[in-house]
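J.: Letter by letter, the chains look like this.
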Amino acid sequence: MSGTQEPFLCVEDLTVKFPTADGVVTAVNGLSYQLELGKTLGIVGESGSGKSVSSMAIMGLHDPRRTTISGSIRVQGTDLLGVDDERMRKFRGSVAAMIFQDPLTSLHPFFTVGDQIAEAYLAHHKASKREARERAIEMLDRVGIPQASRRVDDYPHQFSGGMRQRAMIAMALINNPQLLIADEPTTALDVTVQAQILDLLQDLQREYGSAIIIITHDLGVVAEMADDVLVMYAGRCVEYGPCKQILTHPEHPYTWGLLTSAPHLTGDPEQRLTPIKGTPPSLIHVPSGCPFHPRCPYMSQLPDDRCVETLPELRPGGQGGSHLVRCHLPNPDEIFVAEIQPRIG
Amino acid sequence: MVGYLIRRIVAGISVLFMVTVATFTIFFLGPADPAAALCGSRNCSPERYMAIKRSLGLDQPKVEQFFSFLGGIFAGRTLQSGGFVKECPAPCFGYSFIQNRPVSVILAENLPVTVSIALGASVIMLTVGVLIGSYAAINRGTTIDKALVAMSLTLSSLPYYVLALLAFLVLAVQLQIFPRTGYHPLLGDGPFFLDLLKWVQGLLLAWLVLGLVMSTSYARFSRASMIEALGEDFVRTARAKGLSPRRVQFRHALRAALAPVVTIFGLDLAGLMGGTIFTERIFNLKGIGYMAVDAVFNLDLPIIMGTVLFASIVIVAMNIIVDVAYSLIDPRVRLG
Amino acid sequence: MAQPATSTTGVAASSTTPLLEVKDLVKHFPVRSAGLIRRVVGYVQAVDGVSFEVPPGQSLGLVGESGCGKSTTGRLITRLLDPTSGEIKFEGTDIATLSQKEMLPFRREIQIIFQDPYSSLNPRHTVGSIIATPLRVHNIVPKKQILSRVQELLEVVGLNPEHYNRYPGEFSGGQRQRIGIARALAVRPKLIVADEPVSALDVSIQAQVMNLLGDLQKEFGISFVFIAHDLAVVRHFCRQVAVMYLGKIVEIGDRDRVYEKPHHPYTQALLSAVPDVRQAQVGGRRERIRLFGDVPSPIDPPSGCRFRTRCWKAQDICATQEPPLQTLVNGHRVACHFAAAPTQEDVEASQSAAAAAAGGGSAQ
Chain A
1 MSGTQEPFLC VEDLTVKFPT ADGVVTAVNG LSYQLELGKT LGIVGESGSG
51 KSVSSMAIMG LHDPRRTTIS GSIRVQGTDL LGVDDERMRK FRGSVAAMIF
101 QDPLTSLHPF FTVGDQIAEA YLAHHKASKR EARERAIEML DRVGIPQASR
151 RVDDYPHQFS GGMRQRAMIA MALINNPQLL IADEPTTALD VTVQAQILDL
201 LQDLQREYGS AIIIITHDLG VVAEMADDVL VMYAGRCVEY GPCKQILTHP
251 EHPYTWGLLT SAPHLTGDPE QRLTPIKGTP PSLIHVPSGC PFHPRCPYMS
301 QLPDDRCVET LPELRPGGQG GSHLVRCHLP NPDEIFVAEI QPRIG
Chain B
1 MVGYLIRRIV AGISVLFMVT VATFTIFFLG PADPAAALCG SRNCSPERYM
51 AIKRSLGLDQ PKVEQFFSFL GGIFAGRTLQ SGGFVKECPA PCFGYSFIQN
101 RPVSVILAEN LPVTVSIALG ASVIMLTVGV LIGSYAAINR GTTIDKALVA
151 MSLTLSSLPY YVLALLAFLV LAVQLQIFPR TGYHPLLGDG PFFLDLLKWV
201 QGLLLAWLVL GLVMSTSYAR FSRASMIEAL GEDFVRTARA KGLSPRRVQF
251 RHALRAALAP VVTIFGLDLA GLMGGTIFTE RIFNLKGIGY MAVDAVFNLD
301 LPIIMGTVLF ASIVIVAMNI IVDVAYSLID PRVRLG
Chain C
1 MAQPATSTTG VAASSTTPLL EVKDLVKHFP VRSAGLIRRV VGYVQAVDGV
51 SFEVPPGQSL GLVGESGCGK STTGRLITRL LDPTSGEIKF EGTDIATLSQ
101 KEMLPFRREI QIIFQDPYSS LNPRHTVGSI IATPLRVHNI VPKKQILSRV
151 QELLEVVGLN PEHYNRYPGE FSGGQRQRIG IARALAVRPK LIVADEPVSA
201 LDVSIQAQVM NLLGDLQKEF GISFVFIAHD LAVVRHFCRQ VAVMYLGKIV
251 EIGDRDRVYE KPHHPYTQAL LSAVPDVRQA QVGGRRERIR LFGDVPSPID
301 PPSGCRFRTR CWKAQDICAT QEPPLQTLVN GHRVACHFAA APTQEDVEAS
351 QSAAAAAAGG GSAQ
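Chains as they are written, first to last, in our numbering: chain A, 1 to 345; chain B, 1 to 336; chain C, 1 to 364.
Treat the hints loosely; a few may be bogus.
[To be verified] A few chain C residues that face chain A, going by a derived Cβ cut-off under 7 Å, partial list only:
{"hint": "1", "residue": "GLU65"}
{"hint": "2", "residue": "LEU81"}
{"hint": "3", "residue": "SER85"}
{"hint": "4", "residue": "SER199"}
{"hint": "5", "residue": "ALA200"}
{"hint": "6", "residue": "ALA207"}
{"hint": "7", "residue": "GLN208"}
{"hint": "8", "residue": "LEU212"}
{"hint": "9", "residue": "ASP276"}
By construction, these hints were calculated from the structure, which means they are not laboratory data. In this text the structure is predicted, and so the values were computed from the model without any measurement. Glycine residues also receive a C-beta, built at the ideal position from the N, C-alpha and C atoms.
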């Protein structure tokens with residue numbers, strides 16, 4: 001194996017394609033990132049940006065008959081794209097676990113919560129049903145379900161939204177995974193419940209030292225949770241780096257757009273929002289050159305249709321460090337300070 | 001639950017009451033005259049005709065006729081015909097003067113045949129249909145899937161009576177693979193094992209033909225239902241937990257996919273219990289369907305009416321059973 | 001920016017008579033027993049005594065979490081639901097008890113926009129016929145002019161006027177929401193109830209629709225009852241904000257007061273819970289007011305103050321006496337026995353209360 005020094009998770013040049021009747025959908029295109037144990041990566045993007053698809057690829061949840069995946073996903077040096085189905089099954093739920101956006105539909109309506117959590121334990125441990133059930137109660141208690149030993153026999157519909165997501169977290173963490181992928185874990189929840197769930201995830205991370213990938217469209221969630229941020233657009237990474245740097249000195253016009261289009265709780269409430277014009281592109285006919293160019297207000301600042309013709313490389317940002325940005329603009333930080341910063345206060 | 005059941009049964013009884021009114025109206029007040037049928041066409045003198053009418057109570061006001069019919073269901077009744085007194089014990093669905101027996105006795109005699117056909121065919125149509133459907137769903141888009149779908153469409157597009165008749169002529173008559181079609185009672189006089197063998201032997205071809213043809217719609221329905229279930233978020237969760245594909249497919253997806261199948265099955269089973277006319281005729285099984293057709297030819301109105309009433313009782317009961325079964329499968333459904 | 005909007009619609013008129021005046025609005029849904037006789041055993045108190053006013057050309061925001069009754073309130077105003085009691089005065093006329101027929105002229109004045117742009121448009125009708133339907137129903141323009149009016153409306157909401165022949169399925173989520181807006185605008189309403197109009201949309205599209213709604217309000221002087229769970233969205237759109245909890249308004253007032261100086265513990269908790277981009281500047285998560293437990297059932301809400309079961313300030317009086325909505329300063333009203341601006345102590349007290357509640361749970 002190549003790296004004893006290699007980070008816990010290394011995704012390299014990951015490409016995920018789905019052949020459809022209308023053409024090949026390239027949902028993820030040349031995505032690379034790393035994640036250490038105990039750290040949190042936030043993947044941000046709008047619907048169709050490829051943020052969920054890339055994480056499903058890590059879990060091996062795509063149907064191999066309908067998906068082409070290339071590149072590599074190395075966990076502790078082992079490339080997941082090369083292992084057989086049975087090893088991948090053992091990996092899922094034990095080394096890496098996942099929680100989803102809608103905890104109601106993500107739990108089976110016909111089985112009790114405890115049954116479903118215990119099942120996750122039994123899939124990876126030789127244990128009796130009684131032991132698994134005890135373990136499930138323990139986990140429910142750990143994630144803050146009151147009277148866990150009684151609620152363990154409830155069905156999902158008898159839980160509130162927040163409790164369902166807690167139960168999903170209990171299920172995901174019952175085998176003490178090193179990697180937790182949370183796909184929009186709080187989008188379906190109310191804001192006070194969202195705060196409780198985010199608190200819980202952070203507490204658990206501190207306790208178990210696991211790596212977390214949190215997928216969200218909400219930069220606020222990223223700001224509170226992530227160490228690193230990866231911004232995706234049309235299947236590609238457009239900006240990647242330390243959270244603080246990306247949110248205080250973003251260099252990609254799309255990231256600027258995300259920041260200026262959302263209203264905030266502070267600043268001038270009357271200020272007009274600056275939306276990103278147009279709509280996200282089709283993943284079958286991705287625009288040439290920089291995929292963001294049809295919606296980019298700064299395209300005209302560059303000579304000879306460069307944005308239309310050439311895909312920008314992912315290059316180091318002006319602030320140095322590990323900040324990477326995929327844009328042709330030579331002076332993004334100047335533009336940010338002059339035009340964007342005043343608008344986001 | 002008990003409250004729910006009582007409410008449903010009360011509602012069911014009111015449905016049955018309306019069915020009774022409707023059938024009574026159609027059969028007894030309609031153009032067909034049971035007295036004329038009974039009287040025969042050759043030596044029917046007006047006096048004899050009137051005597052029959054009187055003995056049947058057909059000279060009474062219509063409403064009274066209806067209530068004495070209705071009362072008979074619960075309390076039984078005594079009818080007089082040409083000096084003979086006919087006892088029709090409860091539940092009296094009517095009295096067949098042509099067969100000279102109460103309808104309930106005739107029904108009870110034919111019921112085991114129909115129930116035997118229905119049960120055997122159900123087992124085949126359910127297992128074959130669900131297995132093929134879910135297998136096709138799991139392998140969606142492959143050649144196997146397409147072949148199975150095409151097969152089921154072809155089989156179900158052929159007229160059933162042609163298929164059944166062909167099967168009978170070729171397999172039973174010509175090739176003698178199923179030589180002894182016909183009903184042999186399961187609880188006959190001989191040793192149980194022998195009775196069982198004869199019972200199966202006599203019914204097997206009918207089961208296969210009826211079951212396989214009906215399984216095609218189950219295959220298509222459970223395929224669609226299974227495809228939907230396989231796309232559910234909770235199936236993704238089950239896979240993300242690291243469960244084996246088989247456990248994901250059968251414990252998680254199939255269980256969800258079967259819930260709607262149960263509803264359809266309940267109604268189909270009710271339909272089968274009401275008699276399978278083609279199957280019983282072609283395979284010479286004297287069940288309720290067979291009897292009903294005979295009754296139609298003989299203008300034996302009491303039997304027809306009794307059959308209709310019996311079929312509606314089965315359908316109403318099946319509906320309640322389906323709802324209760326559904327609430328047992330899906331904990332979200334609370335009967336209340 | 002919004003200053004001209006209010007002046008063009010006539011401040012003089014608005015200062016005296018509100019366009020919409022809701023008083024003690026109540027909606028209780030009966031809950032029936034499961035037994036043989038399905039008697040009514042209780043009521044879901046979805047909306048329980050809500051009062052507010054909306055001046056012409058102004059917006060009132062209704063915020064709160066799921067189950068607080070904000071959407072039910074919106075449906076009551078538009079009479080998609082019939083109120084149990086209370087008044088809904090539209091330009092002085094109480095429309096709460098009008099029959100469907102009497103309601104018809106008011107349906108033209110009060111329109112609603114729904115959250116889900118996918119299910120609120122009939123997929124089998126063309127966009128043109130969807131927008132033309134209210135025009136026909138209310139006989140607003142002569143038949144011959146319907147098409148040109150439809151095209152005009154499409155243009156107003158930023159869609160291609162030539163696309164009137166297309167079906168909703170051919171449009172993206174943001175475009176469909178624009179179609180819903182055009183349909184609402186068709187009858188030139190005075191009031192639009194917008195029920196979570198942007199929450200199903202991506203961030204960048206959300207801003208487009210928000211700007212469109214803002215422009216329309218300025219151009220046509222339409223009043224809005226703007227229902228949303230997103231506090232930042234409501235703050236951006238509405239000068240007046242009402243915070244709801246379990247069917248009641250707990251705090252209502254001027255945007256600046258409610259967001260800068262929230263006096264109800266629930267409002268404070270809500271605002272504190274919103275994750276904020278600016279937190280990255282200080283790094284990590286900020287100290288926030290933490291709430292414990294879940295929202296209680298609206299069938300059997302807590303006695304006294306409904307928020308008390310989750311409130312770190314709760315005292316005995318909160319269980320016995322329902323706090324009335326009291327005016328603090330002009331227009332800022334709060335329903336709390338211990339109304340006060342948030343302090344650092346609130347943060348600490350709420351966190352230890354939450355920790356105690358969690359500890360209590362695991363002890364069992």
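J.: Hey, does the C:GLN208 contact hint survive, CB to chain A under 7 Å?
T.: 4 Å, holds
J.: Given C:SER199 was flagged as interface, is its beta-carbon under 7 Å from a beta-carbon of chain A?
T.: Violated, about 10 Å.
J.: If you take the shortest Cβ to Cβ gap from C:GLU65 to chain A, is it below 7 Å?
T.: 4 Å, holds
J.: Does C:ASP276 pass the interface check with chain A, least Cβ-Cβ distance below 7 Å?
T.: 5 Å, holds
J.: Using Cβ atoms only, decide whether C:SER85 comes closer than 7 Å to chain A, and label the hint accordingly.
T.: 28 Å, violated
J.: Take the shortest C-beta to C-beta distance between C:ALA200 and chain A; is it under 7 Å?
T.: Status violated, d = 10 Å.
J.: For the hint on C:ALA207, just tell me whether its beta-carbon gets within less than 7 Å of chain A.
T.: Holds, about 3 Å.
J.: Mind checking the CB of C:LEU81 against every CB in chain A and telling me if the closest is under 7 Å?
T.: 22 Å, violated
J.: Holds or violated: the hint that C:LEU212 contacts chain A, with Cβ atoms closer than 7 Å.
T.: Violated, about 9 Å.
Violation of the numbered hints given earlier is confined to hints 2, 3, 4, 5 and 8; the remaining hints are satisfied by the structure.
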